[in-house]
Amino acid sequence: MDYGRFRKECLGVYAVWWREIKVFQREKSRVVSSIVQPLMWLFLFGNAMGASLDVNGVNYRDYIYPGILSMSVLFGSVFFGLYIVWDRKLDVLKAVLVAPVSRISIFLGKVLGGCTDVTLQVLILFLFSFLFSSINPLGIPLALLILFITSVAMVSMGLAIGSFLESLEGFQVISTFVVFPLFFLSGALFPVDDRLPGWLQELVKLNPLTYTVDGVRGALLGVNTFPLYVDLGVITVFAVLMILVGSALFSRMK
Amino acid sequence: MSIIETRALAKTYGRIQAVRGIDLNIEKGEIFGLLGPNGAGKTTTIGMLCTIVRPSSGSASIAGHDVVREPAEVRRNVGIVFQDPTLDTILTGRENLKLHALLYGVPSDIREKRIKELLELVDLKTRAEDITRTYSGGMRRRLELARGLLHRPAVLFLDEPTLGLDPQTRARIWDYIRKMAQKEQTTVVLTTHYMEEAEQVCDRVGIIDHGRIIALGSPEDLKESMGGYMVIIRMKEAPLDRIRALPYVSEATQNDDIVEITMKEAHLHLPDLLLNIRNVECVETRAPTLNDVFIKLTGRDIREEEIEDSGGWVESVARYRQRGH
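Chains as they are written, first to last, in our numbering: chain A, 1 to 254; chain B, 1 to 325.
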């Protein structure tokens with residue numbers, strides 16, 4: 001690919017990303033609810049459970065903080081990706097898809113747009129970290145990196161699913177059969193150790209989000225089940241896989 | 001070389017032949033209209049020319065680039081305004097244009113100037129910073145026209161540019177299209193089933209029915225091919241054979257108590273015609289329209305086929321299927 005062509009593809013990626021940022025700026029209520037929901041998990045659910053529960057010597061509310069960050073990334077990213085169904089329905093995408101820019105560039109622009117959204121939300125959630133005495137602020141950059149890679153993977157997955165969903169009714173199905181299992185089986189709300197029933201342990205270990213939660217927990221609380229390189233390795237491989245699958249499906253989308 | 005050339009261009013969806021072999025040369029600077037009822041194959045044809053629909057057979061090129069082999073080059077050379085609105089309604093007018101300019105790689109040094117120029121051309125300068133959700137239907141269409149021309153395409157495709165707009169707005173949109181085509185020196189290819197509107201705007205039209213072009217020429221030539229003026233007479237028991245036998249009558253058809261006669265030099269022969277028939281209740285004479293041409297060629301009125309809701313090409317094909325072709 002010559003330089004001029006490459007530059008145009010980059011402009012295309014930028015264009016799609018820029019559009020997503022504009023949308024993010026305008027949909028304030030969506031942003032607010034995506035911040036408030038995890039805060040409710042932390043302060044309502046976390047405090048209530050924390051009143052009678054410590055995990056590995058850490059207060060329960062603090063213990064699930066990494067899990068709730070991961071949950072926000074999971075929900076925010078997958079639903080951002082699935083939103084493509086709505087774009088297609090409204091024909092917004094049609095004008096973009098006929099532009100002389102490859103589908104892969106459009107896909108990457110969308111992925112970057114979604115990751116930017118989600119990462120900004122995560123940064124806002126980090127502002128509350130001073131309320132959690134067990135959190136080590138020096139671990140935040142590493143946690144952010146892990147969450148960003150996870151977001152790349154999950155936005156790609158959302159776009160991949162969204163590129164063949166025909167209608168918005170599919171949202172509920174994906175939510176029930178993909179998003180919630182990933183959340184519940186990730187160890188976001190419980191420690192992954194031998195106290196879990198064997199079958200549950202196996203399922204949890206198959207879930208890529210488990211490694212996100214574990215990595216972030218390691219970075220922020222110093223409590224982890226797997227070594228860091230395993231956590232980073234698994235989610236990076238998963239992200240690359242999702243980008244490949246997502247861009248292939250997106251290119252074939254009608 | 002023509003700016004658009006197609007050879008036996010065809011598209012089949014399963015067993016349905018949406019377009020059955022179109023040969024067309026469109027010259028630089030022309031305003032060309034593809035006319036026909038819904039489901040005739042207009043949108044599919046345009047879809048193939050802008051690389052959205054892959055032809056089943058035949059070939060087409062735009063500005064010398066083959067639509068199948070060089071889709072990226074073709075896309076760079078065409079602007080498209082779809083039948084259904086495709087504005088990003090969460091963005092402002094200016095942002096919609098900026099998004100498009102980035103996607104088409106319009107260089108940054110001329111981007112702002114070009115956006116300003118086009119906003120002025122479609123009279124949307126004062127509304128440029130408003131979210132397009134607040135625009136009226138006519139304003140949205142105008143912004144889409146501006147967007148289609150932003151990257152200075154060689155050809156601008158307009159698929160039913162006035163569908164769903166009220167008559168007054170429609171007239172204004174046509175004014176803009178004429179003005180823009182002239183100012184930007186762009187070739188315009190449009191589809192419409194409003195025959196009267198096409199007559200006023202197009203340099204040349206192709207009438208398309210069941211996926212084939214059945215007439216091609218300037219509106220004037222096509223109307224002339226009707227063989228004279230139209231005389232419409234309301235009467236009971238019309239002596240159709242006697243009317244047809246008159247030397248100046250080219251054609252006569254009857255529909256209930258309405259007789260439609262095409263005749264040469266109507267102003268000279270009308271008194272004679274009326275002497276030959278009795279019981280005339282009402283007479284009207286008029287110049288033939290493209291719709292008359294369509295009726296003559298297909299035996300149907302294009303307006304009978306009009307379907308109220310608009311739809312993309314997929315829906316057009318679905319309708320085509322429903323009608324049992």
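For the record, the hints were derived by calculation from the structure and aren't laboratory data.
Mixed in with the good hints there might be a few duds.
Here are some chain A residues the structure puts well away from chain B; computed CB gaps all over 10 Å [to be verified]:
{"id": "1", "residue": "L39"}
{"id": "2", "residue": "S52"}
{"id": "3", "residue": "V96"}
{"id": "4", "residue": "V98"}
{"id": "5", "residue": "L185"}
Estimated spans, in silico, between C-beta atoms of each pair [stated by the list, open to error]:
{"id": "6", "chain 1": "B", "residue 1": "D256", "chain 2": "A", "residue 2": "E166", "range": "43 to 51 Å"}
{"id": "7", "chain 1": "B", "residue 1": "E112", "chain 2": "A", "residue 2": "G170", "range": "35 to 43 Å"}
{"id": "8", "chain 1": "B", "residue 1": "D130", "chain 2": "A", "residue 2": "V178", "range": "51 to 59 Å"}
{"id": "9", "chain 1": "A", "residue 1": "I35", "chain 2": "B", "residue 2": "D130", "range": "37 to 45 Å"}
Some chain A residues close to chain B (C-beta under 8 Å, calculated; not the full set) [stated by the list, open to error]:
{"id": "10", "residue": "F6"}
{"id": "11", "residue": "L11"}
{"id": "12", "residue": "Y14"}
{"id": "13", "residue": "R19"}
{"id": "14", "residue": "I21"}
{"id": "15", "residue": "K22"}
{"id": "16", "residue": "K28"}
{"id": "17", "residue": "R88"}
{"id": "18", "residue": "D91"}
{"id": "19", "residue": "V92"}
{"id": "20", "residue": "K94"}
{"id": "21", "residue": "V101"}
{"id": "22", "residue": "P181"}
{"id": "23", "residue": "P227"}
{"id": "24", "residue": "G233"}
Ideal Cβ positions, reconstructed from N, Cα and C, are used throughout, including at glycine.
The hints, checked one at a time:
1. L39: holds (26 Å)
2. S52: holds (46 Å)
3. V96: Its Cβ does come within 10 Å of chain B, the nearest being 6 Å, so this is violated.
4. V98: Given a closest Cβ separation of 6 Å, the condition is violated.
5. L185: holds (35 Å)
6. B:D256 - A:E166: 43 to 51 Å: holds (47 Å)
7. B:E112 - A:G170: 35 to 43 Å: holds (41 Å)
8. B:D130 - A:V178: 51 to 59 Å: The hint (51 to 59 Å, Cβ to Cβ) is violated, given that B:D130 and A:V178 are roughly 39 Å apart.
9. A:I35 - B:D130: 37 to 45 Å: For A:I35 and B:D130 the Cβ distance comes to about 28 Å; the hint is violated.
10. F6: The hint is violated - A:F6 has no Cβ within 8 Å of chain B, the shortest such distance being about 11 Å.
11. L11: Since chain B brings a Cβ to about 5 Å from A:L11, closer than 8 Å, the hint holds.
12. Y14: holds (6 Å)
13. R19: Where the cut-off is 8 Å and the nearest Cβ of chain B is about 5 Å from A:R19, the hint holds.
14. I21: At 11 Å from the nearest chain B Cβ, A:I21 fails the 8 Å test, so the hint is violated.
15. K22: holds (6 Å)
16. K28: violated (12 Å)
17. R88: Where the cut-off is 8 Å and the nearest Cβ of chain B is about 11 Å from A:R88, the hint is violated.
18. D91: Constraint on A:D91 satisfied, holds at 5 Å.
19. V92: holds (5 Å)
20. K94: For A:K94, the interface hint holds, since the closest Cβ of chain B sits about 5 Å away, which is under 8 Å.
21. V101: holds (6 Å)
22. P181: violated (32 Å)
23. P227: violated (43 Å)
24. G233: violated (36 Å)
Checked against the numbered hints above, the structure violates hints 3, 4, 8, 9, 10, 14, 16, 17, 22, 23 and 24; every other hint is satisfied.
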